[in-house]
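Construct the entire structure; sequences and hints are all you get.
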Amino acid sequence: MRDSLRGAREISDAELVEQACSGDDRAFSALVRKHHASAYRVALSITRRDDIAQDVVQDAFIKAFRALGGFRGDSSFRTWMMTVTANEARATLRKRGRWNESSIEVAGPLEASAPDPAEQAVAGQESSRARAMLDTLPEKQRLAISARIDEGLSFREIATLIGSSEGAARVNYFHGIRRLRELME
Amino acid sequence: MNEIDCAKVRDCLPGLASGRIENHQLVTIESHLLSCEDCQSELELIQMLRAAPPVVPFLLADQIESAVTSSRRPWNRSWWGLSAAAALVALAVGVGVSRDRPEVIQDVVFDFGVDPEQGELWLSEDSFLAGDLWIEGLSNETLMKLLAELEGEGAA
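In order, the protein sequences belong to chains A and B.
Following our numbering from start to finish, the first sequence increments by one per residue and tops out at 185.
Following our numbering from start to finish, the second sequence increments by one per residue and tops out at 1156.
Think of the hints as simulated: they come from the structure by calculation, not from any bench.
For every residue, glycine included, the Cβ atom is placed at its ideal position computed from N, Cα and C.
Heads up, some of the hints might be wrong.
Unchecked claim - Just the calculated beta-carbon pair ranges, DEER-fashion:
hint: 1; chain 1: B; residue 1: E1037; chain 2: A; residue 2: R26; range: 44 to 54 Å
hint: 2; chain 1: A; residue 1: S165; chain 2: B; residue 2: C1006; range: 16 to 26 Å
hint: 3; chain 1: B; residue 1: S1070; chain 2: A; residue 2: E185; range: 40 to 50 Å
hint: 4; chain 1: B; residue 1: S1018; chain 2: A; residue 2: N87; range: 24 to 34 Å
What the hints assert, rightly or not - In silico negatives: residues of chain A with every beta carbon more than 12 Å from chain B:
hint: 5; residue: E15
hint: 6; residue: G70
hint: 7; residue: S75
hint: 8; residue: F77
hint: 9; residue: R78
hint: 10; residue: T83
hint: 11; residue: G97
hint: 12; residue: T160
hint: 13; residue: I162
Now the structure itself:
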């Protein structure tokens, strides 16, 4: 069993899911290592708080592990995991009574996405400002932009993520981009 | 180029910014960008966003694995799992598993791909078999087989 997972990076997600379903902890660990960053960025995009996003991702992986047997492979594991995380993030915000399209002032400072001065010098103030402005957009728009730009998702995958049609995913992305450009001018 | 061309190019801009565009598309898109200020401006915005991605906490993967492991401990297991774990402990006591016969248990569990040396299995001071995480990793079917094996070893 140990040998079968040596070089797990080469094993496909479908194989890892199958192995994890049969109780192989190392397969699940490989899935966590591979997809936790995408899941975190989705959680952060929705919650806009690093501490909440980290809790959300942990809970999402716990739930995903329990439900892994029901994963049918209709979408990629990554898209499925990102969707589970998005749902968990929304549920968490609802529980916390923060389920609204609040402004950035209400949401408070961004911990993880706000770089320190040294990082700012490297990334450039404009980049940081663009990220801060992205955070002021409605949830579906910022999630569509983040999923498209950070994760390289297709509009079909984004539709699954934000719970809409493919057309609506496209509209959310382009409206968000247009609004962001206005804010940056 | 007309508006349709702009729409097609704008679809490709995230891919262009991340270097995921096929060579044959690249020439067409770059040629369009040279003459279209609007698309060029959008590409710059996308590049800006990509230059400052959210920082993923360094230990997050470890935290997730710990959280998943904790959630799978026997006291967090379903009623069936808890019953099975309790039954296994009771059975181990019932068949007289003791410190002076650890090889009996080890032989059985090795057959099921569980390595006691990893701290997944131990014998307590009272000669009780104390199973923990390894029980969680077993399917119901495997757990039933293990119970049957243990019963057979104990009787032998």
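Review point. Which hints, by number, does the structure contradict?
Key: No numbers; nothing is violated.
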